[in-house]
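*Asks:* Use these hints to put chain B with the ligands onto chain A, whose structure you have.
Number of protein chains: 2
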Amino acid sequence: MVVALNNNAQHQVVIIGGGFGGLYTAKHLAKANVKVTLIDKRNFHLFQPLLYQVATGTLSPADISSPLRAVFSKSKNTQVLLGEVNDIDPKAQQVIMGDKVVPYDTLIVATGANHSYFGKDNWKELAPGLKTVEDAIEMRRRIFSAFEAAEKETDPEKRRALLTFVIVGGGPTGVELAGAIAELAYKTLKEDFRNIDTSETKILLLQGGDRILPHISPDLSQVAAVSLQKLGVILQTNTRVTNIENNIVTFKQGDEVTAIASKTILWAAGVQGSAMGKVLAERTGVECDRSGRAIVEPDLTIKGYKNIFVVGDLGNFSYQDGKPLPGVAPVAKQQGEYVAKLIQKRLQGQTSRPFHYNHVGSLAMIGQNLAIVDLGFLKLTGFLAWVFWLIVHIYFLIEFDTKLLVVFQWAWNYITRNRRSRLITGKEDYVEAKTVNNITQIAN
Amino acid sequence: MVVALNNNAQHQVVIIGGGFGGLYTAKHLAKANVKVTLIDKRNFHLFQPLLYQVATGTLSPADISSPLRAVFSKSKNTQVLLGEVNDIDPKAQQVIMGDKVVPYDTLIVATGANHSYFGKDNWKELAPGLKTVEDAIEMRRRIFSAFEAAEKETDPEKRRALLTFVIVGGGPTGVELAGAIAELAYKTLKEDFRNIDTSETKILLLQGGDRILPHISPDLSQVAAVSLQKLGVILQTNTRVTNIENNIVTFKQGDEVTAIASKTILWAAGVQGSAMGKVLAERTGVECDRSGRAIVEPDLTIKGYKNIFVVGDLGNFSYQDGKPLPGVAPVAKQQGEYVAKLIQKRLQGQTSRPFHYNHVGSLAMIGQNLAIVDLGFLKLTGFLAWVFWLIVHIYFLIEFDTKLLVVFQWAWNYITRNRRSRLITGKEDYVEAKTVNNITQIAN
Ligand SMILES: Cc1cc2nc3c(=O)[nH]c(=O)nc-3n(C[C@H](O)[C@H](O)[C@H](O)COP(=O)(O)OP(=O)(O)OC[C@H]3O[C@@H](n4cnc5c(N)ncnc54)[C@H](O)[C@@H]3O)c2cc1C
Ligand SMILES: Cc1cc2nc3c(=O)[nH]c(=O)nc-3n(C[C@H](O)[C@H](O)[C@H](O)COP(=O)(O)OP(=O)(O)OC[C@H]3O[C@@H](n4cnc5c(N)ncnc54)[C@H](O)[C@@H]3O)c2cc1C
Chain A
77 MVVALNNNAQ HQVVIIGGGF GGLYTAKHLA KANVKVTLID KRNFHLFQPL LYQVATGTLS
137 PADISSPLRA VFSKSKNTQV LLGEVNDIDP KAQQVIMGDK VVPYDTLIVA TGANHSYFGK
197 DNWKELAPGL KTVEDAIEMR RRIFSAFEAA EKETDPEKRR ALLTFVIVGG GPTGVELAGA
257 IAELAYKTLK EDFRNIDTSE TKILLLQGGD RILPHISPDL SQVAAVSLQK LGVILQTNTR
317 VTNIENNIVT FKQGDEVTAI ASKTILWAAG VQGSAMGKVL AERTGVECDR SGRAIVEPDL
377 TIKGYKNIFV VGDLGNFSYQ DGKPLPGVAP VAKQQGEYVA KLIQKRLQGQ TSRPFHYNHV
437 GSLAMIGQNL AIVDLGFLKL TGFLAWVFWL IVHIYFLIEF DTKLLVVFQW AWNYITRNRR
497 SRLITGKEDY VEAKTVNNIT QIAN
Chain B
77 MVVALNNNAQ HQVVIIGGGF GGLYTAKHLA KANVKVTLID KRNFHLFQPL LYQVATGTLS
137 PADISSPLRA VFSKSKNTQV LLGEVNDIDP KAQQVIMGDK VVPYDTLIVA TGANHSYFGK
197 DNWKELAPGL KTVEDAIEMR RRIFSAFEAA EKETDPEKRR ALLTFVIVGG GPTGVELAGA
257 IAELAYKTLK EDFRNIDTSE TKILLLQGGD RILPHISPDL SQVAAVSLQK LGVILQTNTR
317 VTNIENNIVT FKQGDEVTAI ASKTILWAAG VQGSAMGKVL AERTGVECDR SGRAIVEPDL
377 TIKGYKNIFV VGDLGNFSYQ DGKPLPGVAP VAKQQGEYVA KLIQKRLQGQ TSRPFHYNHV
437 GSLAMIGQNL AIVDLGFLKL TGFLAWVFWL IVHIYFLIEF DTKLLVVFQW AWNYITRNRR
497 SRLITGKEDY VEAKTVNNIT QIAN
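Taken in order, these protein sequences are the chains called A and B.
Quick note: to get our numbering, add 76 to the position in the first sequence (first position is 1).
Quick note: to get our numbering, add 76 to the position in the second sequence (first position is 1).
Isolated chain A (complex conformation) (with noise of 0.2 Å):
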């Protein structure tokens, strides 16, 4: 049986995706004289930029997360559906999940990327990357179950493997779990244990590029790797992983291959459209670029659909500079603010300019008392910066009603230097790091 989920005259709009592009584009529609019909896979909207804290058990995932329900509870135009759209027809103008079918009078595609291991799929469970509530559970999972198993182990060798830990990427995210896990293991875990010195832990960062950080300006970047160095991360730019297995990660630099065993390795690198980014080509022929990116019109339409716009991380947007737009929540926001208000003008018979992105600056956070904050006219380093980075991320979390919560947890955690989430959950193997990069168990 086929169930159309809307029936009504009033112009529909539906989109998918609750992300920062899809939140931001029915946020601006909640008072429109249309009808909004939210779709995700998910029933909360996640705040992606604090997932690595609660990889590092520092937030829970309720933390940072809103349920989209709640969001949209007032705006009685919207509704809210949970499901997983697995394809559309542009002709019949209809969005279809599973037995379900959608109509839409305008359709907002923002479903978002995903990371790209480069074609080496496999390398997917050995080095689990960071998108999802559950991803940052595994890898929390992860750090924890290697100390403890460190821990019980008496074999200096496999002790050494246990306390290596290996980020692959230099952007953001790798940066900041690279000084989280520092700061977990030579300042919050130190008095934690008996037979091992948490101080021993090895923590390797590895770019492929000849700076991390590549956003932002050189000199910042250089502040930024020095004070990873200071807070005891090994820096290596201009590597390439070759090869992960058996808990070996093989990497190159320049002509010099090196092989280091490591129990946790984990990934933050490379960008893929999601699969909604396929489906559109299909059956739109819209173009996609190489990280499968729907390659978007200057009113962020796709070729031939005045009705079908892609916002956020699925859109590659090159109008500004040649390249494309960087796959970050300002830009996913703007875009969603900027198909709101176009589809108004539209019912109203008015036109609308192209979309201009805004930058405003970038931050990254290195560790406690220390971040990077370049807005272009003014750059902050160490504390300072870290206090503007609390501030706007504060400023971010408006929208939650988490905020409170979070800022709580924090200076909790400052006060304290303890790591109140850091439980090991959800796999069976709790106990041991048996699966840990999925080989046979460590202890033997």
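I should point out that these hints are in silico values taken from the structure, not numbers from a laboratory.
Quantities reported herein were computed from a predicted structural model and do not represent experimental measurements.
Some hints could be false.
If several chains are the same, the list does not tell them apart, and a pair holds so long as it fits within one copy or across any two.
Quick list of in silico lysine-lysine cross-link-like pairs, DSSO-like style, CA-CA up to 27 Å [stated by the list, open to error]:
#, residue 1, residue 2
1, Lys107, Lys417
2, Lys354, Lys266
3, Lys421, Lys176
4, Lys354, Lys382
5, Lys399, Lys382
6, Lys167, Lys399
7, Lys266, Lys111
8, Lys306, Lys417
9, Lys150, Lys266
10, Lys479, Lys399
11, Lys107, Lys266
*Replies:* Okay, now just chain B with the ligands, sitting in the frame of chain A:
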């Protein structure tokens, strides 16, 4: 390779289990002239009395957990090991964890109890119970998925089954779950859906005995029943579940047999000693009761073994009023403290009086502004009891650095009636209620 993890001249105390029993034993040994090894298969102590608030979306797992390593960070005589004990060797005085052994001079077994499905172990999947963090996340997933699936369901009969919740067991956990789901359906979620009216939700609480909360006095139990009914819960006492399958739960009240369609059946009945009870029986010959709890001597040792103690839910202590002490946190805590003191006295050549449980009172939460307090000399109901419940629980959380956080969230929840932690996470199929109760997709 077998590795002994202890080799020390000091008196070695090994504690299996970091629940209330084991935690309090270890805490009261933290300054003693003994070496303590606390083994748990989880890396955190869990405050089970608030687990239902995780299952119904008020709190996050980390809010009611305390990393064991952090608790004992400063107790330098105490080592924490993450591991599952699978055997003991009382002759060699060793605890066995996989390929590792831990020698002991004194052993405390505090591994607790689980639910019992009274031999119907296939009901476990169909009607999950509440004991671990994972259990709570799974309940939460089922509860919120049911509302989500109902929103998309167009068949009225299927919709009714999705909006029917059956809770088996009228003890504190069953009552707390029923009350919390009622508040969710009739208050929190009321404005959040567009296609369903959550006030049509049906919540059944099935109790085998003739009244709910049998551990408190009959008059208070009656007050609780009336309060629950006022909240909208349908209460059936003297009711035995005879079958669960295919989302149909069948139960018998007297001669009357009823079968009702429900997609969410939750289990809050039965007690079964944890697996270590069986191991103990096999290795030491200690007698277990019908629920698999080890029958202990007046000093909490087991017959024939002066250096093996059982504390908490795993023990059956029947020297006060002939009945076994109830499986509640205060019993476990008092027993832990008792054993810790006994060990120290023994090392000084002194003897101890038999254990005596000092019952302070019983509490149960029904809903906002609604609780039951039975201190014997003082009985409270309604708002006053609710405030009392809050204060007591805040006090109990005193050793958790999450106390303020929990209070904050309760206050927030109280003011907004929101449930910020209502994430559907964990399993791959967070989208559809597909595998709710393990049958085929609902929405066909
Ligand atoms: C770990 C991490 C850290 C980051 N840190 C920062 C940072 O510090 N600053 C910054 O600006 N940006 C940061 N970003 C990038 C930022 O999060 C993204 O640019 C932004 O989320 C993009 O928004 P979006 O709406 O395009 O996609 P997303 O926010 O990813 O949302 C996509 C939504 O679509 C849903 N969805 C996907 N497929 C389907 C389907 N088939 N059917 C239904 N629903 C579907 C998903 O469930 C999701 O809710 C970070 C990203 C990550 C992963
Ligand atoms: C949902 C729920 C609600 C409750 N509400 C209340 C309440 O409101 N008030 C109240 O007083 N009591 C309540 N209780 C009961 C209370 O939680 C128990 O009485 C108490 O936890 C018993 O303490 P324990 O130390 O014996 O066992 P537990 O606290 O269960 O601890 C056992 C520990 O042993 C570990 N373990 C088990 N097997 C092994 C193994 N083989 N190797 C290593 N480690 C192992 C477990 O991981 C666990 O940490 C509730 C219980 C539940 C489940």
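*Asks:* Each hint needs a verdict: does it hold in this structure or not?
*Replies:* Now the hints, each set against the structure:
1. Lys107 with Lys417: within (11 Å within a copy, 67 Å between copies)
2. Lys354 with Lys266: Result: close neither inside a copy nor across copies, 48 Å intra and 38 Å inter.
3. Lys421 with Lys176: neither (30 Å within a copy, 71 Å between copies)
4. Lys354 with Lys382: within (19 Å within a copy, 69 Å between copies)
5. Lys399 with Lys382: For Lys399 and Lys382, the Cα distance is within 27 Å only inside one copy (24 Å; across copies 76 Å).
6. Lys167 with Lys399: neither (32 Å within a copy, 73 Å between copies)
7. Lys266 with Lys111: between (55 Å within a copy, 20 Å between copies)
8. Lys306 with Lys417: neither (47 Å within a copy, 47 Å between copies)
9. Lys150 with Lys266: Answer is between: at 11 Å across copies they meet the 27 Å cutoff, but 48 Å inside does not.
10. Lys479 with Lys399: The answer is neither: 34 Å in one copy and 49 Å across copies each exceed 27 Å.
11. Lys107 with Lys266: between (53 Å within a copy, 21 Å between copies)
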